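Next come the chains, spelled out residue by residue.
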Amino acid sequence: MASRVVKVDREALAKAAGPFSVRAIMVGLRVTSRHFFRNLWGWIIGKPTIATVMYPEEDVVKPPAFRGMPVLVEMDNGKERCVACGLCEWACPVDCIHIVPDETEDAIERYPQLFDIDMGRCMYCGLCEEACPEEAIVMSDRVEIAAFSREGTLWHKDDLLVPVDRLARRLEYVRRSYER
Amino acid sequence: MAEQEQSTAEESTDRLEIPFEPLEMKLGPSHPATHGTVRLNLRLDGETVVTAEVEVGFLHRGFEKECESGLYYQAFPYTDRLNYVSPMINNVGYALACEKLFDVEAPERCQYLRVLASEASRIADHLTCMGACALELGAFTAFLYAVEARESAWDILDAMCGARVTCNYVRIGGVASDVGPEFAALVREKLAEVARLHKDFEDLLLANPIFRDRMEGTGILPKDELVALGVTGPLLRAAGVPLDLRRVDPYLVYDRMDFDVPIGESGDNMDRFLVRCEEVRQSARMVEQCLVDLPEGPVDLDDPRVRLPAKGQVFSRMEQLISQFKLVTEGPRPPVGEVYQAVEGGNGELGFYLVSDGTGKPYKCRARSPSFSNTQAMPPMVEGGMLADVIPTFDMVNMIGGECDR
Amino acid sequence: MVEESAQPSAPEDPLLQRLRDKFGEAVVSTHSYRGDRTAIIDRGSLVATCEWLRDDPQNQFDMLMDVTAVDYLGRRPRFEVVYHLYSIEKNHRARIKVALEEDDVKVASVVSVWSGANWLEREAWDLYGIQFDGHPELKRIYLYEEFEGHPLRKDYPKEKRQPLIGPGAPEGAADGGESSS
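Protein chains in written order, with my numbering: chain L, 1 to 180; chain Z, 1 to 406; chain H, 1 to 181.
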């Protein structure tokens with residue numbers, strides 16, 4: 001296989017335009033009317049062909065790889081899976097994660113007393129998810145973080161906990177992609 | 001004005017001479033006919049540009065300082081924000097520089113995926129550039145087609161990494177995740193969409209007399225001046241210099257790809273536009289070849305020095321858990337040294353110069369951005385031309401603020 | 001820091017060999033690391049070297065890709081100005097470095113050799129405070145003229161704030177205070 005150097009064809013353009021550019025105008029009209037009638041037909045039969053999505057009435061289809069905001073996995077007993085090891089805090093390039101660890105009587109022995117993510121700083125890079133040795137923090141498909149104040153973008157542990165069954169799709173994706 | 005006319009009338013009777021002062025005009029930093037945050041200080045004589053000065057830096061955010069303060073792998077999200085229209089190429093460039101420093105090479109499947117991602121990004125980059133150019137010359141419909149096609153190109157990236165612009169996909173010695181079995185079908189569908197809209201886009205514009213009048217013969221700079229100014233990419237190729245790093249200095253698996261490098265002749269804006277048009281098609285061809293040739297195998301290097309261990313083993317095995325902790329907290333540690341690695345970005349040579357002092361943080365991480373050198377060549381391109389020609393020239397220079405100002 | 005551990009100069013590399021033969025004492029040292037050829041040039045003969053590199057038919061370095069600086073804080077000489085060269089005809093690359101002492105951060109400008117050095121040198125001045133003698137218009141490019149210090153120097157703290165300027169800036173809004181360096 002090899003690459004070749006080719007020259008762009010300038011002469012063809014003038015030819016394509018035709019005398020007095022009549023052909024160019026006709027071609028332009030044909031293209032725009034085709035798009036118009038295609039979209040009109042799609043609207044009539046109820047299968048819109050336009051690219052616009054009427055957010056928030058309807059939502060875009062997100063692929064399984066989609067990285068929304070990071071959330072904490074809540075186990076079936078209502079507690080977080082996180083053991084407050086702090087790896088996500090290390091990995092975060094923008095230092096938006098803040099953890100205060102504490103000890104517990106449970107089998108996992110450690111838990112985060114405080115787990116704050118400053119969503120105003122978070123850039124959804126997913127390095128926390130990759131660093132986490134417990135599958136405790138994953139990227140969800142939630143993206144709505146609007147708030148009326150700066151404090152409103154600081155999410156605490158209770159806001160971040162999401163039941164494990166609602167994250168099934170992402171957890172499956174994470175297991176597959178980090179399995180090598 | 002009135003005073004000037006009076007004085008002229010008094011002075012001369014036989015020869016009409018109007019003393020003039022060049023009109024100073026500031027175009028930007030935020031102007032509807034320019035994309036990207038940049039200010040052009042123009043001095044005009046009537047409608048002719050006498051001198052032009054470009055002021056950049058409105059988007060400066062300390063890329064290098066940020067990279068130096070983080071670990072090697074933490075710089076990947078920042079590289080996304082260099083040329084934010086083709087983020088994957090930046091990712092790949094930085095990863096290749098790191099791999100050169102670590103002296104490792106990614107597995108073959110990973111290399112194909114990187115080429116695929118780079119070329120999909122290049123499609124998005126060129127479509128954005130051409131679409132914005134069309135918009136700023138008044139062709140709004142063509143812009144919408146281009147942006148819709150770009151969305152399709154971004155859908156490919158979205159399926160790979162989960163984000164359209166802030167990809168953060170490539171890692172040192174691998175990529176973040178492998179693609180699924182349904183990926184090939186999706187890419188083919190999206191490529192067909194890109195091809196369809198790109199065809200319509202070309203039909204609307206290329207033969208259009210108004211568009212051609214504004215593009216042809218404007219913004220010309222001789223070949224040797226472009227070279228002296230360090231201009232690379234489609235701008236240089238449009239002037240007839242076949243400098244494409246994918247061809248002359250193949251990295252990854254570009255030496256196995258079958259593609260054409262389009263060049264122009266006169267180097268005016270129309271040539272630049274046509275070169276970009278053709279490159280979109282060639283990039284689509286390369287994506288298709290990557291899909292066909294994509295080998296089976298691992299996408300990640302099995303090297304605990306640079307790449308995180310498999311997650312399943314981290315849960316159950318002590319050695320891997322320690323490795324995970326060490327790599328995340330200390331980062332991969334390269335040997336002492338310095339490397340420069342260049343890749344062909346959307347606008348030209350994108351180089352990364354890394355200096356390592358042996359710790360987990362880059363001592364210096366410098367991005368040689370093509371937009372910076374290309375924007376520098378703008379004043380000589382527009383000086384002596386008409387004011388209206390500044391707009392298509394600026395569009396074809398395609399100054400991307402994030403990359404130019406870093 | 002870098003030079004000691006990099007491999008000793010590779011005499012087999014013809015380009016570096018020619019450079020040594022031509023300029024002798026002016027070439028402080030040469031080495032190749034991971035295929036990147038590097039030559040450290042004495043400050044005084046930078047322009048002459050660059051002209052030779054550009055014009056000699058065996059070199060033909062017609063493109064200056066990059067000019068930047070590295071701040072090795074705590075080492076002498078403290079600064080290194082780094083030039084990356086590329087030749088379209090020969091398709092080869094080279095790196096030229098010039099070491100500068102902290103109290104005399106001056107080097108000759110190469111704008112006369114490659115006009116593309118103009119902005120790149122302005123950037124190095126802006127972010128590292130390297131002064132380029134003979135540069136036509138050495139002023140800041142990214143930052144504003146009132147900015148104090150050079151932010152990419154290693155002794156410039158990342159969190160440092162500069163006072164607000166311009167219309168609407170509150171009186172005494174300077175929370176940054178004194179300048180660095």
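Hint data in this document are derived by calculation from the structure and do not stem from the laboratory.
None of these values were measured; they are calculated from a predicted model.
Hints are not guaranteed to be accurate.
Each computed DSSO-like pair below joins lysine-lysine, with the alpha-carbon atoms no more than 30 Å apart [what the hints assert, rightly or not]: (1) H:K22 to H:K154; (2) H:K22 to Z:K65; (3) H:K22 to Z:K26; (4) H:K154 to Z:K65; (5) Z:K326 to H:K139; (6) H:K106 to Z:K361; (7) Z:K65 to H:K90.
Quiz prompt | Ascending list of hint numbers which this structure does not respect | solution = 1, 2, 3, 5, 7
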